[in-house]
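The hints should help you fit chains B, C and D onto chain A, whose structure is shown.
Number of protein chains: 4
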Amino acid sequence: MTNMEQKNKNAILLLHCPDTQGILAAVTDFINVNKGNIVYLDQYVDHENNVFFMRVEWDLNQFLIPAEKINEYFQTLFASKYQMQFSIYFTDVKPRMALFVSKMSHCLFDILARYTAGEMNVDIPFIISNHADLQWVGEKFGIPFHVIPLNKDNRTELEKEEMKLLKDNNIDFIVLARYMQIISEEMIQTYPNNIINIHHSFLPAFIGAKPYHQAYSRGVKIIGATSHYVTSELDAGPIIEQDVVRVTHKDNVKTFVAKGRDLEKIVLSRAIEKHIERKVLVYQNRTVIFS
Amino acid sequence: MTNMEQKNKNAILLLHCPDTQGILAAVTDFINVNKGNIVYLDQYVDHENNVFFMRVEWDLNQFLIPAEKINEYFQTLFASKYQMQFSIYFTDVKPRMALFVSKMSHCLFDILARYTAGEMNVDIPFIISNHADLQWVGEKFGIPFHVIPLNKDNRTELEKEEMKLLKDNNIDFIVLARYMQIISEEMIQTYPNNIINIHHSFLPAFIGAKPYHQAYSRGVKIIGATSHYVTSELDAGPIIEQDVVRVTHKDNVKTFVAKGRDLEKIVLSRAIEKHIERKVLVYQNRTVIFS
Amino acid sequence: MTNMEQKNKNAILLLHCPDTQGILAAVTDFINVNKGNIVYLDQYVDHENNVFFMRVEWDLNQFLIPAEKINEYFQTLFASKYQMQFSIYFTDVKPRMALFVSKMSHCLFDILARYTAGEMNVDIPFIISNHADLQWVGEKFGIPFHVIPLNKDNRTELEKEEMKLLKDNNIDFIVLARYMQIISEEMIQTYPNNIINIHHSFLPAFIGAKPYHQAYSRGVKIIGATSHYVTSELDAGPIIEQDVVRVTHKDNVKTFVAKGRDLEKIVLSRAIEKHIERKVLVYQNRTVIFS
Amino acid sequence: MTNMEQKNKNAILLLHCPDTQGILAAVTDFINVNKGNIVYLDQYVDHENNVFFMRVEWDLNQFLIPAEKINEYFQTLFASKYQMQFSIYFTDVKPRMALFVSKMSHCLFDILARYTAGEMNVDIPFIISNHADLQWVGEKFGIPFHVIPLNKDNRTELEKEEMKLLKDNNIDFIVLARYMQIISEEMIQTYPNNIINIHHSFLPAFIGAKPYHQAYSRGVKIIGATSHYVTSELDAGPIIEQDVVRVTHKDNVKTFVAKGRDLEKIVLSRAIEKHIERKVLVYQNRTVIFS
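Those protein sequences? They're chains A, B, C and D, same order as listed.
Take the working numbering: the last position of the first sequence gets the number 312, and nothing is skipped along the way.
Take the working numbering: the last position of the second sequence gets the number 312, and nothing is skipped along the way.
Take the working numbering: the last position of the third sequence gets the number 312, and nothing is skipped along the way.
Take the working numbering: the last position of the fourth sequence gets the number 312, and nothing is skipped along the way.
This is chain A alone, in the form it adopts within the complex (with noise of 0.2 Å):
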């Protein structure tokens, strides 16, 4: 689950093509013959559309070719031969975490406590929200917390601070944990596919506000949480983990909310290890999610 203890320095390779016979042996192949030793690897292959999708993991300890040259190889090797579209991560590089929080506690504490507790193998340089109700937590945790009081008006500029502070920080992807704004067209080309959120219903099942009130309007019999990457569509980007909980007559909306913190929280959690250990892929709308 986590690559906490990992003595060895690994490689990462994630790849998708058309699908022909031989890649999956021609990329081992190349993995072997240079020494690499192959600790993980799951691949897929998407018949419809003809797709094939790799995940492999190598211990780089005796591997011939130096990490930095790797992705050139792979490259001149591979990658036009196959029409591949690939990234190659090291597991002793660990990805920067941004936070984006509004008032809410509960999405941030999970993270903070599984980050504190060395289960993320990830760093976070910093929080942002737009109020400041929450500040007292960034401070118990040592981490900078920047309130940014982003509404319609002041938009445009407060976003050029965030991006700035994105940018400074050498962010490599975002996480909305229960953040209340609209995220602007050019942070989510800036991190395309790395920008993840969580919305509080079963999607597409109550898209936009208050999906609570919607499911209890309703009559729903079960409740969900969504984490997602975002896209420029609102709550339509690439679902990445769901999870359901099940609701009675009994309930209210203010039950819907108090067993929906811990739907929210723990699907938004496993997004983000699933993210951090790269085992999502993105294609079409959707997720490849590694085993």
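Derived from the structure by calculation, the hints contain no laboratory data.
Please note that a few of the clues may not be correct.
Which copy? The list can't say, so a pair holds if one copy fits it or any two copies do.
Calculated pairs, EDC-like style, for lysine to aspartate or glutamate (alpha carbon to alpha carbon, straight line, at most 20 Å) [as the list claims (entries may be wrong)]:
#1 K185 with D144
#2 K102 with D50
#3 K231 with E69
#4 K271 with D67
#5 K173 with E183
#6 K271 with D40
#7 K124 with E69
#8 K173 with E207
#9 K271 with E69
#10 K300 with D63
Only chains B, C and D this time, still in chain A's reference frame:
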């Protein structure tokens, strides 16, 4: 779960009314003083809408009021005083259920397996289908199977035939066991909250045709099934029961359909069971499901 | 879910007694005639053992009997007549909860996150641990943290210290948030049905040490967590709440532990919540959990 | 989910062996160079025991090696080199399944409903029962039904009769669909990992007789069902599939049984499906279940 083994004749009272002090005491007292032995009582107050809901079941063995007079007594003593809506049922009267099917057999088989095993306290006088595909199933189980090849051109005429069958057989409620035709407004009005449908999605997500295709296209990680009472608005009636099952990127529409079959049949049979047991009360397009 | 926003002082009555006619009517009538407004009522009859269980909550605002006299009145009027066991609680009195932890932080963080967010109507006067590892968490949240390095040699002596702390702080109930020591018979007898443990298995499977190792070795496809009241027999007390999560052959003990953390904290917090809300009644080593 | 619509004849290779570099590349290369089109590949490495597991399926349409020679070639080229255990199956060969039942019909109906709907790629030459109660079901579905009234006195003799039936009908595997008799050691040895049982508990909780009574007595909040291969030790064989459903204090043994029926039939049918699809590999009393 079933009333199969019951030796005694019980009365079941279902009611709702504006919540005021003393209703529960008044009703239970009425049963007690008349020597009814209460074997089940569940009640619920919707504090937002200030409505009291109750289901009480008592043994009629020593009850002083004759069964056929209970309705009248209750009407006189309580109904107008408390502005109650109520229904009284007796456990020795089996509700009469009509089954509507099209081509898919899984829900039909599941219902008939329970029925023939004596698990459903119901009579099934006949099955209606717009196709002949499942006629052999009706024959296997010795249940009259009427093929009524209804389509958009002959709808008006053939629905008359259906309505006649329903009426002649004293049908109490209708189960649409993956019946793929629209139900007429007349039939809906004749059987309010007595037509149970199974929709193969987690409503209100994926209303209408081909919900599994819609779900696949959206990239959901969980699929669902929903049983609900049919109302004039498509797939928008009061929800009785829902359940879900996980899917992954390795699933496709075909495996959604296969996984969905088990969901659909279980969810539909649970809803039928609750309906037969008189444990469903509809209020403002939501259901109270007694335990 | 929480009593946080309550303006009114309510009384909560929990009772069980042999089932006879008229109890429900008698109790609700007693509350009504004394001008108590019932805001919650749930009752249940165990027909096999012929026991009546009830939880009723009413607003004391216009109640004619002073709060401090209710217990006496109820005792006199009903308890001996109906051979009742009953307890009365008031919603303006927060129960006092002691937390026992060892080295793992996930349950502790989850509880403190809810506590500081005002979601738990409880006071936490202190945390006890047999290790200093989590002292910093207590300090972060401003809660006294007592390191009592209890082991099998010093157990008798140090337990006296613990019992004194519990008594001096008027502790009502104890939560073992992954506390890895045996609880003494004396403590169990002092806090009957008031010590809540979380066991990291789906009890009664995998009693005792290293349940995830046992589960992995058995090759289960689902793992669970169980919160229960502590009794003299190890992991055999009344179960309050259980939940499960799927595992596959790709999981190992390490990922069981990681998946289990989320289960454990949610299951434990749900149990604490039910206990605080006075919705748990223990009878014959089973729990009645009111809705 | 099913192979029903398959036009092509595919080969399925299931294998496990000590993990060394290059196995995956070697096997996929072998298929590729001989013009087999891989339509499915899933593999898994147990890093703790250093075992490599693989399931690969390929279209034989243009495969250069004749189907009847594949086993020999594979044995020669790979098996001894890599110390492999392997099996080869062909999708145009339906496995032959014997059904054993006693008095309860729910699992039997569920299997036969799938079978007659063409959802299970299997042949069912006959049903065996120690009671005549379900003979009518066999007749309904046109499947020979042998009543073999086995008990502890006539066991040895009647088992010979059963073994003869199994042998004469070339049975590949046996499904115990709530069959309430012990299976002899001889039968177990003759069909290793080919006898599928459904046990009505969440194993290893509640081994042996009357698990629902045991579960009720223990006061669990969740009940389960487990399908597993039969081994010499009672209810201790490799688990194929498990699932659970919530219960409350309002449930009793009778409602456990009713809720359990749906669990049992779904869990058993899922296990049969996986077995038929050749997606189960047993290793050290655990199962690898390919996706």
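Could you work out which of the previously given hints the structure breaks and list their numbers from low to high? 7
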